[in-house]
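**Student:** Generate coordinates for the entire structure from the input sequences, incorporating the hints supplied.
Take a look at the letters that make up each chain.
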Amino acid sequence: MILKANWKYNLCWLILMVAGFYLMNTLILVGIINSFLENMMVTIGINIILAVGLNLVIGFAGQFSLGHAGFMAVGAYATAIMISKTPTAGTFYISIIVGVIVAIIAALVVGIPTLRLRGDYLAIATMGAAEIIRIIINNLKITNGPSGMFNIPQFATWPVVYIMVCVTTIIIVNFIHSRGGRAALAVREDEIAAESMGINVFKWKLAAFVLGAATAAVAGSMQASYLQTIAPSNFNIMESIAILIIVVLGGVGSITGSFVAAGILGVVDAALQNFGALRMVIYALVLILIMIFKPSGIMGATELSFKRLFNRKNKKVGAKS
Amino acid sequence: MTSLLNVEDLVKNFGGLTAVSDVNMHLDDDELVALIGPNGAGKTTLFNLLTGVIVPSSGSITFRGTDGTISLNGMKAYKIANLGMARTFQNIRLFKELSVLDNVLIAMTAHYKEDFFQSVFRLPRFYKTESQIRKEAIELLKIFELQNDLDKLAKNLPYGIQRRLEIVRGLAMKPKVLFLDEPAAGMNPEETADLTRLIRQVQRDFHITVLLIEHDMSLVMNLASRIYVLDHGSLLAEGTPTEIQQNKAVIKAYLGEEA
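Going down the list, the sequences are from chains V and P.
Under numbering that gives the first Met the number 0, the first sequence has 24 at position 25, and the numbering climbs by one with no breaks.
Under numbering that gives the first Met the number 0, the second sequence has 164 at position 165, and the numbering climbs by one with no breaks.
If you are wondering where the hints come from, they were derived from the structure by calculation, not from laboratory data.
Hints are supplied without guarantee of correctness; some may be wrong.
Straight-line C-alpha distance at most 27 Å; calculated DSSO-like pairs for lysine-lysine [said to hold, decoys possible]:
| hint | chain 1 | residue 1 | chain 2 | residue 2 |
| --- | --- | --- | --- | --- |
| 1 | P | K141 | V | K306 |
| 2 | V | K312 | P | K151 |
| 3 | V | K312 | P | K134 |
| 4 | P | K134 | V | K306 |
| 5 | P | K127 | V | K7 |
| 6 | P | K151 | V | K306 |
| 7 | P | K151 | V | K293 |
| 8 | V | K306 | P | K154 |
| 9 | P | K127 | V | K306 |
| 10 | P | K75 | V | K202 |
| 11 | V | K306 | P | K95 |
| 12 | P | K134 | V | K7 |
| 13 | V | K202 | P | K78 |
| 14 | V | K202 | P | K127 |
| 15 | V | K7 | P | K151 |
| 16 | P | K173 | V | K202 |
| 17 | V | K306 | P | K112 |
| 18 | V | K202 | P | K95 |
Computed list of chain P residues with no C-beta within reach of chain V, every gap over 12 Å [what the hints assert, rightly or not]:
| hint | residue |
| --- | --- |
| 19 | S2 |
| 20 | N155 |
| 21 | R196 |
If you want the footprint, here are the derived chain P segments under chain V, 3+ residues with CB under 8 Å [to be verified]:
| hint | segment |
| --- | --- |
| 22 | 80-88 |
| 23 | 103-111 |
A virtual CB, placed ideally from N, CA and C, is assigned to each residue, including glycine.
**Tutor:** Structure representation (structure tokens):
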């Protein structure tokens, strides 16, 4: 029954994704999107992956994590090291999986002790954990220490990033709308009530945290192979905060919001390239203005939903007849 | 046969304060028991001990599960809940920002399985489980006349309906025991009468044991087959409603010493 009702919406999403891909492709072919704009789009894509993952942790499971950049670093270095040694497309895809697995292990190691904390304490602990990851990378030989890695082969072209944005978003959205996601929402809403409903609060917090970390690793892999150069300083606390800004700006608890905010900030950032020192001032002003006039974020907690669009249309038709 | 739930010499100290001292009580199958006592007598603390929210200082709580008697001492709250103990809260703790249906679905979490890969890649099995579990939840909501509010957020429901939803949510866990913490608090007489009918219906149709904390004596005397009276953390009396009404110690605890 649900299967039949849902294929229509799923088809809509599929059409949207394919249409987006071909639109992008055509615009690049006819030259409307030049390499500067393409670079902007890929950065937006990577930021979407990061923000959606962090939104799962903060907006849906209600765990305030400030360590997202650490897991991103894990993915970035896994890919950088592997494809620098054997530069083939196959290695690139394997390196994404390796990055995800290492990030999952790191998230378990970080999450098991820290997720017992709440709110500010959790934020500080996860921030510390991400710093530990960064400092380890900073001091290893294989990662080339603080100077970072250069000339990483480029396998992450825009179509790869586009597909990864779709895949990670589908995984996270589908997780949210399933048994596990509902349990995570219950944890966010009221831990004591969730526990008394027989929900293993700690387990579902950890599940959301680990899933968020895994997608962050994917974003890291994309960044390493697209920009072709990475350094530990790319993954410091400011990067975690930059991702947090996207989540808060878009709306905590709205995946659509993370998309919109990543897009807007990406465009603003690119448009201000020529303003030099003024750039960060204007960027900060945009943030302040949005927070004053829309404190719940651009989208609040609402999502783009074909189901609702269809229902609204049906209601209008029903009202006329 | 042993009782469903057995409490022996239960003690809880908070620092120097003894909130619950040497309480002995038992709950049998399919009965409705009330727990009364003046404010601060330790009723909610006792509830929290029974449901594992706090750990007893000493004494034992045992539960007759499907495979033998289990000690609940020190067991995690969610595990106790999954043994078949549901509860409601004195200050309603619904998942406020979630829909009525989601509130009930969440309570069923332990009663079905969804594989991570099935749900993430939306394999046919996922839709099958999901539609089945939804049907079950809606069926339950129908019994309590909430089927028209499925998509409403819990926080937007009227107070009385929120209380009702909390009970439905508890029942969705398919419990053996349902603990109700002051279900009639803040209700007008009409709503209380509705609630009385509701609790009777729950107990009759679902065959579960209900333990009820309540200050509204009309409700207690109407419903309970047995009453425990708690005062200053220890058990003052136990008996049928008529016995309790005539108990001198109980009257003294509630109204004070005769002049």
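**Student:** Does each hint fit the structure? Answer for all of them.
**Tutor:** Tested hints:
Taking the CA atoms of P:K141 and V:K306, the gap is about 24 Å. The hint holds against a cut of 27 Å. With a C-alpha separation of about 20 Å, the suggested pair V:K312 and P:K151 falls inside the 27 Å cut-off, and the hint holds. Using a Cα cut-off of 27 Å, the hinted pair V:K312 and P:K134 holds, with the two alpha carbons roughly 26 Å apart. For the hint pairing P:K134 with V:K306, the CA-to-CA distance comes to about 19 Å; that is within 27 Å, so the pair holds.
A threshold of 27 Å between alpha carbons decides the hint, and for P:K127 with V:K7 the separation of about 17 Å falls inside it, so the pair holds. In summary, the hint linking P:K151 to V:K306 is supported, as the alpha carbons are separated by about 16 Å, within the 27 Å threshold. With a C-alpha separation of about 24 Å, the suggested pair P:K151 and V:K293 falls inside the 27 Å cut-off, and the hint holds. Distance hint between V:K306 and P:K154 is fulfilled; the C-alpha atoms sit about 23 Å from each other, no more than 27 Å.
With a C-alpha separation of about 19 Å, the suggested pair P:K127 and V:K306 falls inside the 27 Å cut-off, and the hint holds. The hinted pair formed by P:K75 and V:K202 meets the criterion: a straight-line CA distance of about 13 Å does not exceed 27 Å. Of the supplied pair hints, the one linking V:K306 and P:K95 holds, its CA atoms being roughly 23 Å apart against a limit of 27 Å. A threshold of 27 Å between alpha carbons decides the hint, and for P:K134 with V:K7 the separation of about 21 Å falls inside it, so the pair holds.
At roughly 13 Å between alpha-carbon atoms, V:K202 and P:K78 fall within 27 Å of each other, so this suggested pair holds. Annotation: proposed proximity of V:K202 to P:K127 holds, straight-line Cα distance about 25 Å (limit 27 Å). Using a Cα cut-off of 27 Å, the hinted pair V:K7 and P:K151 holds, with the two alpha carbons roughly 24 Å apart. Restraint check for P:K173 and V:K202: satisfied, since their Cα atoms lie roughly 22 Å apart, inside the 27 Å limit.
Restraint check for V:K306 and P:K112: satisfied, since their Cα atoms lie roughly 26 Å apart, inside the 27 Å limit. For the hint pairing V:K202 with P:K95, the CA-to-CA distance comes to about 22 Å; that is within 27 Å, so the pair holds. Look at P:S2: its CB is around 22 Å from the nearest CB on chain V, clear of 12 Å, so calling it non-interface holds up. For P:N155, the shortest C-beta to C-beta distance to chain V comes to about 14 Å, beyond the 12 Å cut-off, and the non-interface label holds.
Under the 12 Å C-beta cut-off, the non-interface status given to P:R196 relative to chain V holds; the minimum distance is some 25 Å. Against chain V, the segment 80-88 of chain P contributes 5 residues with a C-beta closer than 8 Å to a partner C-beta. That satisfies the three-residue criterion, and the hint holds. Against chain V, the segment 103-111 of chain P contributes 6 residues with a C-beta closer than 8 Å to a partner C-beta. That satisfies the three-residue criterion, and the hint holds.
Hint check: no violations occur; every hint is consistent with the structure.
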